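**Q** Now for the letters of each chain:
There are 2 protein chains.
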Amino acid sequence: MNNFEFKNPTKIIFGKDEIAKLANEIPDNAKVLMLYGGGSIKKNGIYKQVKDALSVFDIVEFAGIPSNPEYEILMEALEIIKAQNITFLLAVGGGSVIDGTKFLSAAAKYEGETPWDLLAQRKPVFNGLPFGTVLTLPATGSEMNGGFVITRRETKEKLATGGPALFPQFSILDPQVISSIPQNQIANGLADSFTHVLEQYMTFPNQSLLQDRFAESILQTIVEVAPVIMNDATDYDAAANFMWSCTMALNGLIGQGVSQDWAIHMMGHELTALFGIDHAQTLAIVAPSHYRYNIESKKEKLAQYAERVWGITEGTIEEKSNAGIEKTEDFFHSLGIKTKLSEYTEDYENAAGIIENRFIERGWKGIGEHGKVSPGDVATLLR
Amino acid sequence: MNNFEFKNPTKIIFGKDEIAKLANEIPDNAKVLMLYGGGSIKKNGIYKQVKDALSVFDIVEFAGIPSNPEYEILMEALEIIKAQNITFLLAVGGGSVIDGTKFLSAAAKYEGETPWDLLAQRKPVFNGLPFGTVLTLPATGSEMNGGFVITRRETKEKLATGGPALFPQFSILDPQVISSIPQNQIANGLADSFTHVLEQYMTFPNQSLLQDRFAESILQTIVEVAPVIMNDATDYDAAANFMWSCTMALNGLIGQGVSQDWAIHMMGHELTALFGIDHAQTLAIVAPSHYRYNIESKKEKLAQYAERVWGITEGTIEEKSNAGIEKTEDFFHSLGIKTKLSEYTEDYENAAGIIENRFIERGWKGIGEHGKVSPGDVATLLR
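From first to last, the protein sequence lines stand for chains A and B. Going by our numbering, the residue at position 162 of the first sequence is 162; the numbering climbs one at a time, nothing skipped. Going by our numbering, the residue at position 363 of the second sequence is 363; the numbering climbs one at a time, nothing skipped.
Because the hints were derived from the structure by calculation, they are not lab data. Please read these numbers as outputs of a predicted model, since none were measured by experiment. Treat the hints with care, as some may be off.
With a Cα cut of at most 25 Å, we get these calculated PhoX-like pairs of lysine-lysine [what the hints assert, rightly or not]:
no., chain 1, residue 1, chain 2, residue 2
1, B, K7, A, K11
2, B, K372, A, K11
3, B, K123, A, K21
4, A, K7, B, K16
5, B, K16, A, K16
6, B, K7, A, K21
7, B, K11, A, K7
8, B, K43, B, K109
9, A, K123, B, K299
10, B, K372, A, K7
11, B, K21, A, K123
12, B, K299, A, K7
Listed next, the stretches of chain A that the computed footprint assigns to chain B, with coverage defined by at least 3 CB atoms under 8 Å from CB atoms of chain B [said to hold, decoys possible]:
no., segment
13, 11-20
14, 207-214
15, 219-233
16, 246-257
What follows is a set of in silico ranges between Cβ atoms, one per label pair, in the way DEER data are often shown [as the list claims (entries may be wrong)]:
no., chain 1, residue 1, chain 2, residue 2, range
17, B, D58, A, A20, 39 to 49 Å
18, B, K51, A, M75, 43 to 53 Å
19, A, I73, B, G363, 58 to 68 Å
20, A, K48, B, V60, 52 to 62 Å
Cβ atoms here follow ideal geometry from the backbone N, Cα and C, with glycine treated the same way.
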């Protein structure tokens, strides 16, 4: 096990009707900016629950944060924060709204000229405006970590950063919100959280027995609840296990002391930036190819995964690891998610080359747990 | 899954030679009281590592906190805290030293007459002197939770309490400390952490798929590393997995949203208070009897445990659950821990009745996850 430092101070308030507790968690004299997305929270009743809970507060609203939160739109919110002396941010939404709010938390305290530098320079953020979240879409885990990803439309870039100042003060997770989420978004949440675990796990063996088993526990649980929640989004127990699994998949715990990969996300972000494909779909496109291309360095772990998560006990390490990759592909398909880029766009032929060049331009010589997946490898495996 | 609130703000600094980072974690102008036990830290070099790391600080020392930290001794340390205007406590030790330090953290800010009331009244503690820990003995998990247990010699009582103010600011976990721990204390740590998981897990099924699997992950890991670390305490990887498992066993995570038991600990504490038997040994004495006596209400979970932790896939639920109890007993024996009270004391005949009366006196009508294990049941199962 590698040395590590772990601190996750976010308070989780989990369960039925817990949104009503919101007022207890925000400082009495706060001037609150409430941020949300396209307005689905007005249809499903969450908007009203939040406003009712916060009736005693002075609240400004900022709606319209899109999925893959855009820098240009967030800069409008930043103007409001400064003009109105906002002291507390409240994200009501999924990963995009929460990530956008984290960017704003950092940008509000940033002393440089251009807040995009926070992302371009990837320096850890140690100072931010306090914020909390009400999660409406389980997927990214952003509700219990300090990271965020922002897209810049003009340059077609999607970059990630974060820091210890960007953990939410609190996150309220009411699994009942899942009952009104469209099925394709539930599928994306399942695929996204599943891949978050894989990125921290599918490397090489014997790094940590406990983190391995925790990772496998989340994968097994997602596999177990996926058909239940896809079939009936009002199943509270399945919803609760799905929601908590998404949070645990990316709150830092399973990644402590182990080498991580994240190459799938780095390639996937480019596909979203270039083609506007949903984040989770890009992961489903890249993951199987990434594992097939890098099977030699990952086969022991792939075989362990095949055994422990999918119950494949027969065959050689190579056979098991290939079976594990197939099971992964089948799992994405079972969610109705396609795994070939050509199924999403006709314009895919140049994608590999463009992404290769972008990685070279950014000076990324090698990605993955060994830092050995070169831009050339990226192009080849994407092709 | 039940509703829950979870916040664990302790910063974990884990790994080789991390004690050297101590000075970064304590406020510059702090007046530090360093607390430790019987002096083993002077023999194994940890005392010197700590003092070297803190050479720029103004440090007062308080040595001699015994296992099952005693109220009477801690009250002497409280005098020092008050007389010398101590602003930060540093526990260097195992669960006893850390628990004693938590009591002092609470007692230093307590406004009532008698700090024992903190335990007698069991009110959550919301105000404490800040403190950190350097863990020298993995077992209790006290390094990453807000609970503590104190013994009062004059009344032969051992009581527990805690609160949100009593999470350590930081805990430094260097697995290398394990190489100098006597084998019987390593055995106790393995049995103690194993039982901590059981208390949060061995209840009834279908409460939470993920917490169940996390609990099983810790149990499997303890079972896997136990023979390795018992055989060679210098095996770093086994030590690291053992140490992190002990922390994860009782940092709150696996107990969120599920009904818990803790009857074994409540009975075990009485055996320690009455006979001075090691805490972990009392758990090994009580656990098998507790599960046999309450097998009807626990059999589904006992069978799941037998299957997933011990690989027992054949037989009826009753057979599997009995096999699970036997495996548990065998595991304690494999650590060299005896599981019968009569193997520890000749004076055991009246113990059941004394404990029954104590539970009645305290008004404890029923313990366990259903609150249905009565003082009479306690007497019967202990007999």
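**Q** For every hint, state whether the structure bears it out.
**A** Now the hints, each set against the structure:
| no. | hint | verdict |
| --- | --- | --- |
| 1 | K7/B with K11/A | holds, 4 Å |
| 2 | K372/B with K11/A | violated, 32 Å |
| 3 | K123/B with K21/A | holds, 22 Å |
| 4 | K7/A with K16/B | holds, 18 Å |
| 5 | K16/B with K16/A | violated, 43 Å |
| 6 | K7/B with K21/A | holds, 15 Å |
| 7 | K11/B with K7/A | holds, 4 Å |
| 8 | K43/B with K109/B | violated, 34 Å |
| 9 | K123/A with K299/B | violated, 53 Å |
| 10 | K372/B with K7/A | violated, 38 Å |
| 11 | K21/B with K123/A | holds, 22 Å |
| 12 | K299/B with K7/A | violated, 37 Å |
| 13 | 11-20 | holds (count 7) |
| 14 | 207-214 | holds (count 5) |
| 15 | 219-233 | holds (count 4) |
| 16 | 246-257 | holds (count 4) |
| 17 | D58/B with A20/A: 39 to 49 Å | holds, 48 Å |
| 18 | K51/B with M75/A: 43 to 53 Å | holds, 52 Å |
| 19 | I73/A with G363/B: 58 to 68 Å | holds, 60 Å |
| 20 | K48/A with V60/B: 52 to 62 Å | holds, 56 Å |
Of the numbered hints given earlier, the model fails hints 2, 5, 8, 9, 10 and 12; all others are met.
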